[in-house]
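What follows is the residue order along each chain.
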Amino acid sequence: MLALDRVGKTYPNGVHALERFSADIQLGEIIAIIGGSGCGKSTLLRAIAGLDRATTGTVTLDDIAITAPHAKIGIIFQEPRLLPWLSVADNIGFGLSDLPAAIRREKVARALARVGLTDKANAWPRELSGGQAQRVAIARALVPQPEVLLLDEPFSALDAFTRRDLQDHLLDLWNDTRPTLMLVTHDVDEAVVLADRVLVMRPRPGRLFEEIKINLARPRDRNSPHFDNFKRRVLTALDRSLDRNVPDADAKSTTGEAMWW
Amino acid sequence: MAMTVELPALERTDAMTPKASSARLRRYAGPALGLLLPVGLALAWEIAVWAGFSNGRLVPPPTKIFATMVELARSGELSRHIIATLSRVASGFVIGVVAGTLFGAISGYWGLARRLLDPTVQALRAIPSIAWVPLFILWLGIFETSKVALIAVGVFFPVYLGVMGAILSVDRKIVEVGRTFRLSGPAMIRRILLPAVLPAYVVALRVGLGLGWMFVVAAEFMGASEGLGYLLIDGQQLGKPAQIVAAIVIFAILGKTTDWLIEIATAPLLRWQDAFGGKSGAA
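Here the protein sequences line up with chains A and B, keeping their order. When we follow numbering that gives the first Met the number 0, the leftmost residue of the first sequence carries the number 0, and every step to the right adds one. When we follow numbering that gives the first Met the number 0, the leftmost residue of the second sequence carries the number 0, and every step to the right adds one.
Each hint should be verified, as a subset may be incorrect.
[What the hints assert, rightly or not] Here are the computed lysine-lysine pairs in the BS3-like style, where the Cα-Cα straight-line distance is at most 27 Å:
| # | chain 1 | residue 1 | chain 2 | residue 2 |
| --- | --- | --- | --- | --- |
| 1 | A | K71 | A | K212 |
| 2 | B | K239 | B | K63 |
| 3 | B | K63 | A | K106 |
| 4 | B | K172 | A | K119 |
| 5 | A | K119 | A | K106 |
| 6 | A | K212 | A | K230 |
| 7 | A | K106 | A | K71 |
| 8 | A | K71 | B | K172 |
| 9 | B | K255 | B | K63 |
[What the hints assert, rightly or not] Pairwise CB distance ranges, derived in the manner of DEER restraints:
| # | chain 1 | residue 1 | chain 2 | residue 2 | range |
| --- | --- | --- | --- | --- | --- |
| 10 | A | N174 | B | A22 | 45 to 51 Å |
| 11 | B | R26 | A | D175 | 45 to 51 Å |
| 12 | A | S96 | B | T119 | 35 to 41 Å |
| 13 | A | M0 | B | L269 | 45 to 51 Å |
[Unchecked claim] To spell it out: a stretch of chain A is covered by chain B in this simulated footprint if at least three of its residues, at any positions, have a beta carbon under 8 Å from a beta carbon of chain B; those stretches are:
| # | region |
| --- | --- |
| 14 | 78-86 |
| 15 | 157-170 |
Quick caveat, the hints were computed from the structure, so don't treat them as lab data. By construction, the Cβ of each residue, glycine as well, lies at the ideal position given by its N, Cα and C atoms.
Bound-form chain B, shown alone:
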């Protein structure tokens, strides 16, 4: 009897060992695998231009893009543009997050407020945000204010929706635990609702930030004298594709970095999560 019980257990430990080593392999191989395609394509294009299959005028090879970046960086242009764009995204993001969190929490917590507020917000959400551009320019001028406002609008909606949805879907059973311990309203929010919505909130922030980066380009298209979006327009008007691609690459780097910052800043708060892939992170 004891034998038959023990046998499967032994088999299982045998099966575990190769699994563990392959997991370790995957940890290092995973990112490398992700790099294979873009690096390979870049390399192939570089070789194609170098070998004379293409003149690389419209699609510049990686070395030329890199040279453009270095040139921009050396003249101090690049940091000026990056700082301009970053500060626009940052202020628009902060405003959008604060407003979205506030209204989302109100709509999520009070049924009356939700019935009053939510239909209007949803209707406004249905408007393509770019459609606000002419109005914002008329109202707020063509300088920073209208750009920040547009970004804030873009950030607002995903944060609002995320917070409201998360509060509405907090498990009734866990709220009941708070009730049996007689938590007051503010204590219920602080000790039960806030921690419970945190994972969804982080996702909402990341989606909001992504939209913030999207809208900063739109905002800078509508007349800017600096910023990465300006670099794009400038590159188009003066026929400098390398500058366009350089700006795009910098957008990608900045977007990924800021997203990663949110992720690592909130990771310690979410260690408790018991979720599929909870331990592997997003990378």
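Bound-form chain A, shown alone:
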């Protein structure tokens, strides 16, 4: 279980990016974090990944406190961030350098087949399209079989068709080993199509505003009335989160505390 306990972050320049964010996330759950810009979504994800340290609160995964990158936690960024001097296959195998070469090769080959890029194994990253590059990034993050996979707006730079394709693909890959997925997104559609729970955040300082459970069976039909219903609920929550007159629904952070700075 991934436990976030009152995670907060104030940057050295005084920006209060995240305040008292708490959530318990079960293994295999898919969580979407959505919110206006500047509400600390990426800050939260980077704290969970161990790339930045939270200034207050704790992140624990199976009772291990996370303060630095951990083998059980993988992350995918908005850009593929492939290493341009490695072939596609070597990029996917980047996190497997501890394994013997034969096993590594086999795992990489399987991952390549799984993301449908077997024919690109020896290509350079510069020869890939945006969608293909992001698929390689997903394979690279999944191949060491993390327990938690963090995704920081992974599809936001792609066109609508590729994005939908990759969303389905991600679910497919998730189904193989069922890791916990935690996805930061701007896209309400994406949140509703993927997530078990949508966490809506509100800005200045970033904090949890509302939690919406999406109890729709998978695969989800993007055109069903239920789907629309959930979309509307998330949109309403988003609107309310940006309205300064609406008090925090979250009892844990009162308005007084939120205004102290």
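Starting from the known structure of chain A, fit chain B onto it as the hints suggest.
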């Protein structure tokens, strides 16, 4: 609907064909175009001297330069001078590259070392390297050591600057990938930083080598009994302009060849680059 989508695609393939053939033409025409000016000038001068417009005493015609070269080569003089100069450049280059890489990497990687070291190095860099000559002669004598030291100093600075700058400008996002895979310090250097700085490093090496060739002439001017620089001085003192130009031409050939050797030696390591002109090379 389908028609309107397909039409521009068709037009584009039509436009591609002449472009491809002209590219092929350019590949062969490019080097030839570069030769046009020097060969034309040489030919014109040859004809001018041959026709009696000039006696060619101060500016010897190409045939005379070539004859001088052949004469020098036949007596074995030429190879002796070339080997002397080459070995000076080689040892100075190696020393300069090793020192420049080491200090550049230290300054690039550790902020404290950079704050400590870099201002001094930059101040030393501001000194025209030729200004070291008298001091080096006093310290190291007039023989090989002082010459190699001067060349090494010339090579050191561009390599140092290149390595430090390249390390400082490695993309934070890519370093972060290394961090998420929990690379240790040495693994981070070997698997992320070194490959990332390689393209800039090759440029630094080439600039360093160019300066090495520059400084070997300065070094050989300060009293040498052999070497191409000596040929230059000797040609000046004995009034043999053909010998001077011959030495200059040999400098050009050697400089270009060694630069080209670095280029082809490192090309396989840089195939991954996605850069403007990345495929055409420098030629």
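Here is what the structure says about each hint:
no.: 1; hint: A/K71 <-> A/K212; verdict: holds (26 Å)
no.: 2; hint: B/K239 <-> B/K63; verdict: holds (11 Å)
no.: 3; hint: B/K63 <-> A/K106; verdict: violated (68 Å)
no.: 4; hint: B/K172 <-> A/K119; verdict: holds (24 Å)
no.: 5; hint: A/K119 <-> A/K106; verdict: holds (16 Å)
no.: 6; hint: A/K212 <-> A/K230; verdict: holds (11 Å)
no.: 7; hint: A/K106 <-> A/K71; verdict: holds (17 Å)
no.: 8; hint: A/K71 <-> B/K172; verdict: holds (20 Å)
no.: 9; hint: B/K255 <-> B/K63; verdict: holds (23 Å)
no.: 10; hint: A/N174 <-> B/A22: 45 to 51 Å; verdict: holds (48 Å)
no.: 11; hint: B/R26 <-> A/D175: 45 to 51 Å; verdict: holds (48 Å)
no.: 12; hint: A/S96 <-> B/T119: 35 to 41 Å; verdict: holds (39 Å)
no.: 13; hint: A/M0 <-> B/L269: 45 to 51 Å; verdict: holds (47 Å)
no.: 14; hint: 78-86; verdict: holds (count 6)
no.: 15; hint: 157-170; verdict: violated (count 0)
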